[in-house]
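Can you make the complete structure from the sequences, with help from the hints?
Protein chains: 2
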Amino acid sequence: MHETGAPAVVLVRPQLGENIGAAARAMLNFGLGDMRLVAPRDGWPNPAAVAMASGAGRVLDAATIHPDTPAATGDLNWVAATTARPRELVKPVLTPREAAAEAARRIAAGERVGFLFGPERSGLHNDDIARANAIVTVPVNPEFPSLNLAQCVLLIGYEWRLTVDAAPRRLPEPAGARPATQAEVERFHAALVERLEARGFFFPQTRRAAMLGTLRNLWGRMPLTEADLRTLYGVMRALNRETPRARGQGADEGE
Amino acid sequence: MHETGAPAVVLVRPQLGENIGAAARAMLNFGLGDMRLVAPRDGWPNPAAVAMASGAGRVLDAATIHPDTPAATGDLNWVAATTARPRELVKPVLTPREAAAEAARRIAAGERVGFLFGPERSGLHNDDIARANAIVTVPVNPEFPSLNLAQCVLLIGYEWRLTVDAAPRRLPEPAGARPATQAEVERFHAALVERLEARGFFFPQTRRAAMLGTLRNLWGRMPLTEADLRTLYGVMRALNRETPRARGQGADEGE
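Quick note, the sequences are listed as chains X and F, same order.
Note that our numbering numbers the first sequence so that position 102 is 84, with each residue one more than the last.
Note that our numbering numbers the second sequence so that position 148 is 130, with each residue one more than the last.
No wet-lab data here; the hints were simulated from the structure.
A portion of the hints provided could be inaccurate.
Sample of chain X residues at the chain F side, in silico, Cβ under 7 Å [said to hold, decoys possible]:
#1 10
#2 11
#3 13
#4 136
#5 137
#6 170
#7 171
#8 175
#9 178
#10 181
#11 220
#12 222
#13 223
Here the structure is a predicted model, which means the values were calculated and not measured.
For each residue, glycine too, the CB sits at the ideal point set by N, CA and C.
This is the structure we're talking about:
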């Protein structure tokens, strides 16, 4: 019982195989089947994961392995990052319930969505969070907020499961309104950064990382469509043109 | 943070100490503190429970021990029995969400309520279920319904917790997160259009109105902050610079 288009569960740099196996069980408990592993610490396959998953081994068998988070989320239109603590990022902070409802709405509209879970001890890097479209935080007891990885997956899966029959259906959106995928946004970001680099934007160098993070976070928060990206490419090229088109340069330089 | 009058968690004939400890953690995660143990198989206290509970040892310390279910639930006004499968009993069958809502209503009215959880393998006896006022079943994947004891406690605790702080939580906004005013967005839009104009972006002229509309619509849909606008101004200026800063132009041209 994997729902078609059910959310992907992306485990970023998971440490213990046992936790990967327990997460697979939690996923299957609520009908989630798309597990994606980013650089699992102990390699893959992992016998400890298999032992723990027992009846949910099929989730592990179907899991895909990726070198980094962008590679794992490139095809997704909307990504929510689970965090234990609030972070200093301007981004919607959702409860699992709100996030599941948002995921269900988007899936009904034909989008692909996923949830990011960080390594057991440290949680997600700010980089991964900056690329996400929303933050999900479980409202735990602040005096004892120690949810483990599989418990966090369980709660997201549970909330997802509850939306499956209740999700409102939406009409397909008009052409060009298709939400951009993470990979498309990433490509635009890279093109922009390259040009900004050439123009000396990242100055002084000490602030480079922060400036990059701000930019990435900006795209992550915006509900960018395919058409928006085309417009932004056009704006970027026009601003960046050495000679104005009116003065002689006709065609755009292409991608 | 134990809510006064929060539901009791009654573990009936639990087998493994580890599961009792894990249940204690799950309880404390969501602010539940009233654990009641009915005839734990391995006696009490149980070192394995203590080891597993780690930070939640205070829940075990406060746990009460009872010879049978009626002794454990005697003071409660309403008891819900958790079961994996529907039973042949005429009794309301609630989801965890419905049961938590019912519990919250009763607690608000001054009642005392509790949730019964059966032994790991066999689940609750029909006797215990018959005494309960309602049945709670988690809507798991029927092909893989293998929730363990602590997971079941976790889901009930989570739903209970959500009834307590029903108010959606938002993070305090970091500096620069003030949403931009319409006037600020308009000023940025005008500055951008002026530069795009000079660069021959609006070509052919027949499409000018549509292109302007697309741009304005883009900013309108985005939840832009003050800080975002500063970043976008910086990007615009950097792209639009005739000579890269590295080649000599130091200061920005100002607004």
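Here is how each hint holds up against the structure:
no.	hint	result
1	10	holds, 4 Å
2	11	holds, 5 Å
3	13	holds, 5 Å
4	136	holds, 6 Å
5	137	holds, 6 Å
6	170	violated, 12 Å
7	171	violated, 11 Å
8	175	violated, 10 Å
9	178	holds, 5 Å
10	181	holds, 5 Å
11	220	holds, 4 Å
12	222	holds, 5 Å
13	223	holds, 6 Å
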